[in-house]
Amino acid sequence: MLYAHLIAPFIEFDFMRRALVGASVLALSAAPIGVFLMLRRMSLVGDAMAHAILPGAALGYLIAGLSLGAMTLGGLVAGFAVALLAGLIARITRLREDASLAAFYLMSLALGVTLISARGSNIDLLHVLFGSVLALDDQALILIGGVATVTLVTLAIIIRPLVMESIDPVFLRSVSRAGAPAHLAFLALAVLNLVGGFQALGTLLAVGLMMLPAIAARFWAKTLTGMIVVATLIGIVATYAGLLLSYHLGLASGPTIILVAGVLYLLSIVIGTHGGLLLALLPRKHLEA
Amino acid sequence: MVRFWIAFVLTLGLSPAMAQEKLAVVASFSILGDLVQQIGGDRVAVTTIVGPNADAHGYQPKPGDAKAVAAARILFANGLGFDNWMQRLQKSSGSKAPMIVVSTGIVPLKSQGKAHSGHDHGAIDPHAWHDAASLQRYAANIRDALVTADPAGRAYFDARLANYDTALKALDAEIKAAFAAIPADRRKIVTAHDAFGYFGRAYGIVFLAPQGVSTETQPSAQDIARIIRFIRETKAPAVFIETIADPRQMERIAQESGARIGGKLYSDALSPPNGPAGTTIEMIRTNIRELNKALAPQS
Amino acid sequence: MSEPAICCADVTLGYGPHPAVHHLDGDIERGSLTAILGPNGAGKSTLLKAIAGELKPIAGYFDFGARKPSIAYLPQIAEIDRSFPLTVFELLALGLWRKTGLFGGLSQQDRHAIERALNAVGLIGFENRKLDTLSGGQMSRVLFARVMLQDAKIVLLDEPFAAIDTRTVTDLMGLIAQWHAEGRTILAVLHDEALARAHFPSTLLLARETIAWGPTSEVLTEANLRAARRMVEAHDPHAPVCEVA
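Residue numbers (my numbering), protein chains in the order written: chain D, 1 to 289; chain A, 1 to 299; chain H, 1 to 245.
Honestly, the hints are just simulated from the structure, not real lab data.
Cβ coordinates follow ideal geometry from the N, Cα and C atoms, glycine included.
A hint or two may mislead.
[As the list claims (entries may be wrong)] Anything over 10 Å on all C-beta distances counts as not near chain D; from chain H, calculated: (1) 3; (2) 14; (3) 57; (4) 72; (5) 83; (6) 108; (7) 163; (8) 174; (9) 179; (10) 215; (11) 219; (12) 242.
[To be verified] Label-pair distances were calculated between CB atoms; the ranges are: (13) D:248 - A:258: 23 to 31 Å; (14) D:103 - H:166: 20 to 28 Å; (15) H:108 - D:177: 24 to 32 Å; (16) D:150 - A:174: 51 to 59 Å.
[As the list claims (entries may be wrong)] Stretch-level coverage of chain H by chain D, calculated; a stretch enters the list once three of its residues show a Cβ under 8 Å from a Cβ in chain D: (17) 47-54; (18) 85-97.
Produce the entire structure from the sequences given, and follow the hints as far as they go.
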């Protein structure tokens with residue numbers, strides 16, 4: 001009975017298996033990125049990026065028509081340009097990162113809309129570019145897998161300067177020049193995960209799986225590693241439960257997965273072991289010293 | 001010489017008057033509008049309320065429509081519950097012109113049950129125009145109405161009807177020939193669209209709709225699972241679900257169910273004149289082509 | 001006479017057109033222990049920032065000699081994000097950057113060094129404390145320990161004793177004295193004259209411009225201190241452009 005409800009759908013249908021694997025791998029890859037974005041107060045980057053990639057996708061479309069490959073590549077280039085320019089400006093001027101990014105993504109979006117309307121067509125490009133978790137073909141799975149590999153390898157390399165740069169950039173500047181490259185590499189990884197996620201799974205799922213689990217993890221873990229692990233787990237659980245709900249109740253899959261993640265987030269606020277509201281209300285024992 | 005000039009001037013004077021003899025008529029939607037034009041030719045001026053690529057179901061009439069209706073000598077509606085708003089339009093415009101229900105005389109089909117596009121047809125399936133034989137009935141009804149309103153054009157209308165009938169018979173034969181090459185066990189289509197009952201009845205194609213599937217907006221995992229399961233169970237070789245906008249989603253369904261994805265089928269409206277379904281006959285031809293492509297045995 | 005550690009060549013520093021440090025010229029001797037004193041807004045922190053490389057001079061330059069030596073900088077208000085989930089031990093481990101670099105692990109020796117540093121600043125047992133659970137004074141001492149671990153030739157301390165109790169000040173001064181004995185060049189911004197008189201052989205009395213610079217006893221005279229107090233803190237809106245080359 002339990003088997004029929006919890007396991008059978010994945011045995012019977014290939015598209016369910018692909019959805020589970022694809023979204024879980026993205027959750028794994030995006031979790032550390034999401035944790036860092038949250039800690040650095042850049043939680044809204046994902047949404048900004050969804051708009052910022054438009055001129056790139058538009059150029060790809062103008063050059064190669066409705067080719068997914070061209071538009072994805074264009075989107076990546078636009079995303080990298082916006083993220084890196086924003087990061088650079090934030091480093092060398094007095095602007096903080098959020099302001100810098102806001103300025104660039106707005107310009108990018110406007111450029112994209114202009115490009116499209118100049119061409120005369122009102123095709124909803126982004127609608128074409130953004131994928132769906134139930135429609136993962138081999139290409140999309142390879143894309144997700146590649147993104148995850150690049151992300152985890154790169155993170156392993158830049159984790160130390162990234163942490164230092166997040167905590168005490170002045171100190172890092174005084175001992176090493178790795179701060180700026182590490183930061184820019186991190187931004188590039190964020191773009192990679194986002195654009196890859198958009199193409200394979202759509203914006204809601206890509207941004208949602210990156211940020212919601214990381215934000216919820218704040219209430220469970222005290223260390224960086226702990227946060228990343230919890231965020232990954234929450235992402236995978238949300239994927240699994242969301243897909244099952246979509247299967248049994250006929251709800252749209254992407255939004256359901258994110259809603260489950262949202263419920264987990266709300267639960268975390270209440271019962272989380274690290275700053276959860278319930279814990280704060282209960283009478284606490286204290287030690288003698 | 002003077003007699004020549006008098007005759008000339010009289011003829012000149014009369015021709016614009018003769019040209020103004022065109023019968024003003026209104027057709028409820030594009031397919032009907034085309035049929036009326038085919039039979040009426042130069043003697044009618046057709047105003048179509050719901051144009052190409054537009055949805056006639058649950059149409060909300062606009063003030064401009066009432067004007068056209070008021071000026072018309074004949075009102076053509078499909079009937080069978082398809083365009084009930086025509087009655088309201090007639091009332092509100094105060095028109096005393098006869099309302100011709102063009103589908104009178106065909107053998108109606110019971111509705112396949114599933115509501116689509118958020119509305120219900122009721123018990124009877126109104127999409128009778130997909131059957132070339134029923135179309136002959138439609139054309140004859142139109143001819144009768146036109147002759148009643150414009151007796152002087154009887155010969156003209158009869159000739160045009162005869163032409164059109166010939167074309168329809170040829171079309172009918174064409175369709176039968178096209179599907180003859182397809183083995184009987186492959187004559188199954190899965191589609192969420194319940195508009196092809198008459199076509200199916202006339203030409204031996206079974207149109208199957210997966211139960212409880214909504215493909216209007218984002219499909220859920222349940223929808224996709226049901227479609228795939230249904231295709232597997234019925235062993236249908238092709239699936240036409242154009243309401244799922246994402247081509248990658250369709251590709252996934254095709255891969256997993258083994259069915260071929262079909263192209264666009266025109267069900268309730270014509271395309272614009274320069275499109276693949278500019279007239280009713282062209283529309284049916286395009287549909288046959290797509291169905292054939294999808295059902296042909298794997299090469 | 002060994003080459004000076006830092007040559008200040010007519011340095012002017014500022015954040016806008018109004019100078020924070022105006023035409024500072026002089027040498028900081030190698031291995032010296034110098035206190036920097038002056039009224040609020042005198043430019044003391046700005047000077048350390050500039051030597052540390054955080055601020056570029058508007059005019060003039062710093063000359064560090066043939067090879068720029070390693071510098072450890074303890075800033076006043078650390079721009080440290082304390083909400084980041086790191087422990088004291090991890091922060092200090094990152095302080096050993098010069099040794100470990102991008103990938104290097106911590107050796108047993110490194111761990112002992114971290115323990116010793118914590119001990120020296122009186123924070124034994126704080127290894128696993130999260131940064132956001134420390135008081136201001138404790139955070140200061142952690143950063144002090146980090147400076148220790150950096151093992152640098154030049155040490156810049158910006159008000160290292162703010163928010164620290166007297167007993168610990170004595171301990172930390174002991175550390176500074178030891179660094180001095182090891183031949184490091186030390187500059188410390190202080191507010192406590194008595195401390196300067198007691199422990200620092202050299203003093204720079206700064207009030208935007210050099211009031212006096214040299215042996216502490218000669219610098220901290222009544223006349224000099226009065227002159228320093230006369231410095232006007234606010235920017236002069238009518239100041240003309242400085243024509244001095």
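Now for the hints, and whether the structure bears them out:
The Cβ of residue 3 (chain H) lies farther than 10 Å from every Cβ of chain D, with a closest approach of about 23 Å, so its non-interface assignment holds. With a cut of 10 Å on Cβ distances, residue 14 (chain H) stays outside the contact zone with chain D, its closest approach being about 15 Å. No beta-carbon of chain D comes within 10 Å of the beta-carbon of residue 57 (chain H); the shortest separation is about 17 Å. Under the 10 Å C-beta cut-off, the non-interface status given to residue 72 (chain H) relative to chain D is violated; the minimum distance is some 8 Å.
With a cut of 10 Å on Cβ distances, residue 83 (chain H) falls inside the contact zone with chain D, its closest approach being about 8 Å. With a minimum CB-CB distance of about 20 Å to chain D, residue 108 (chain H) clears the 10 Å threshold, and the non-interface call stands. No Cβ of chain D approaches the Cβ of residue 163 (chain H) within 10 Å, the least distance being about 18 Å, so the stated non-interface status holds. For residue 174 (chain H), the non-interface assignment is confirmed: its Cβ lies about 24 Å from the closest Cβ of chain D, beyond the 10 Å cut-off.
Listed as a non-interface residue, residue 179 (chain H) keeps its Cβ farther than 10 Å from every Cβ of chain D; the least gap is roughly 17 Å. Consistency note on residue 215 (chain H): stated as away from chain D, and its beta-carbon is indeed over 10 Å from all of that chain's, at 30 Å minimum. At roughly 29 Å, the least C-beta separation between residue 219 (chain H) and chain D is larger than 10 Å, which holds for a residue marked as non-interface. Its beta-carbon lying about 25 Å from the closest one in chain D, residue 242 (chain H) satisfies the requirement of being farther than 10 Å from that chain.
Checked against the given bound of 23 to 31 Å, the beta carbons of residue 248 (chain D) and residue 258 (chain A), roughly 25 Å apart, stay inside it. Distance hint check for residue 103 (chain D) and residue 166 (chain H): the Cβ-Cβ separation is about 50 Å, which falls outside the suggested range of 20 to 28 Å. Taking the beta carbon of each, residue 108 (chain H) and residue 177 (chain D) are about 29 Å apart, inside 24 to 32 Å as hinted. Distance hint check: the CB atoms of residue 150 (chain D) and residue 174 (chain A) are about 56 Å apart, consistent with the given range 51 to 59 Å.
Check on the segment 47-54 of chain H: 3 of its residues sit with their Cβ under 8 Å from a Cβ of chain D, so the three-residue criterion for coverage holds. Counting residues of the segment 85-97 of chain H whose CB lies closer than 8 Å to any CB of chain D gives 7, so the stated coverage by that chain holds, three being the minimum.
When each numbered hint is compared with the structure, violations occur for hints 4, 5 and 14.
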